[in-house]
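A.B. asks: Sequence:
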Amino acid sequence: MHSFRYSFIVIFNKGNFRCIPQENKSNKKKEKQKMKKTLISSLVFLVSVMMLSSIAFAGGDGSPDGNPSPFEASVFTNLDYGVYWFGNNYKNQKAVKGTYNRYFSESAPTVIYVHGWQNKTTQRMSRECFNYKANGAPDMYFAQAWLDDGWNVGVFYWNQMADEGEVKDAEAKIWTTNGPRKMRWRRSDGSYQNNGPSESASYLFFQAYRDAMKNYRGDEIRIVGHSLGNQMAVCVTQHIKEAIQSGQISSQLLPDRVALLDPFYSRGGKDFLGGKWTGEVARGYVSGLIDDGVLFELYRTSSASSTGFVGDTNSQLTDMTAFTELKPWYFGWIEQANKHIAAVWHYFWSYSFSPPSIKNSHDDGASAITADGRIAELMRSSQKLVHDQGAWTKTPEDDRMKYVNR
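Per UniProt numbering, residue 1 is the first one in the sequence shown, and the count goes up by one each step.
There may be inaccurate statements among the hints.
Said to hold, decoys possible - DSS-like, lysine-lysine: derived pairs with alpha carbons at most 27 Å apart: (1) K120 - K91; (2) K91 - K168; (3) K214 - K168; (4) K241 - K214; (5) K327 - K402; (6) K270 - K97; (7) K94 - K214; (8) K94 - K241; (9) K359 - K402; (10) K168 - K182; (11) K133 - K182; (12) K270 - K120; (13) K133 - K91; (14) K270 - K168; (15) K182 - K120; (16) K97 - K133; (17) K276 - K327; (18) K120 - K133; (19) K327 - K133; (20) K91 - K182; (21) K394 - K91; (22) K168 - K120; (23) K168 - K276; (24) K133 - K359; (25) K270 - K91; (26) K120 - K97; (27) K327 - K182; (28) K241 - K270; (29) K168 - K97; (30) K94 - K133; (31) K94 - K182; (32) K270 - K327.
Just so you know, these hints were derived from the structure itself, not from any lab.
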């Protein structure tokens, strides 16, 4: 960090170079170029650190200020994962096979959210549950509008397995049980337990989904994945497809639409994927799922998914989807964590308003409320949507987009 500070001093005092004797200009020019390279390297390092830290959920317990967590301490002391259905005022009930659930209707439209990396959240007894005040969002319950409109609202929790100090260790658990940390999980005292599940996290999601939705007869299913959770969303949809093809479950259970919120994919080939990148394999899944009629929408809100310093930009994936670049400028450039998490609450909140308008067009932009047919059109388009107005306000109500070539 010393060289980082020094390089700023050199730049801000560059006028002093005017006093350098003529015979030393060549050496001083080289020194100045060296300092410039040092500054650039330091900035790249700093941005990379900020982006990496932003990938993990950094909020509180997800409940409004002053209210207790809606979860018992036991779900952090013992291993707990699965689908939880939510009702009014943060009330929730875990989906248990063969048990009636007061917050689930077999005929209602259904949305299931899956979170990403959860570094250090278990010791805080923290789980996401649709309130992100701790991350700069308005203090509100972002599931309420969906509930009021008759939706089943669920979350698949795998937070104890996703609680790793290294994001790639959590990522591996999505794909395999034989990653660097196997399927270990974290307890609220901070210790890791090695007696983890015998299936990957994405397959655990599939099993929980299959059991929770066994008798489902509604007409819409949507999966929403944030950050690392977008890989969970893609993988579980692939597992569902394969189970349908093998006759294990009804074709009624194939999701209609998948929303990928500020997705994260790590760089580099993985031994557990035969040397392929996670983003590469996910693209293959998405391509096949699109052929089967599944709609994909993708929203970017931070540098976590837009540069190659830490993660894979996976531009080929964005090109397959209804892709929107949101600009949460109400957060400063350095507040990458808040920008990253804004993708979640902005998406769920956008259900409360009409679709965003598009500059010089009568078309609808993409949002949670946008019709499936319009999402399909945007997927096929050679253009993406970029935030044009409303970027300085947190509400999606005043958002306007513009078309930009992909």
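A.B. asks: Enumerate the violated hints, using their earlier numbering and listing them in ascending order.
C.D. replies: 2, 3, 6, 11, 16, 17, 20, 24, 25, 26, 27, 29 and 32
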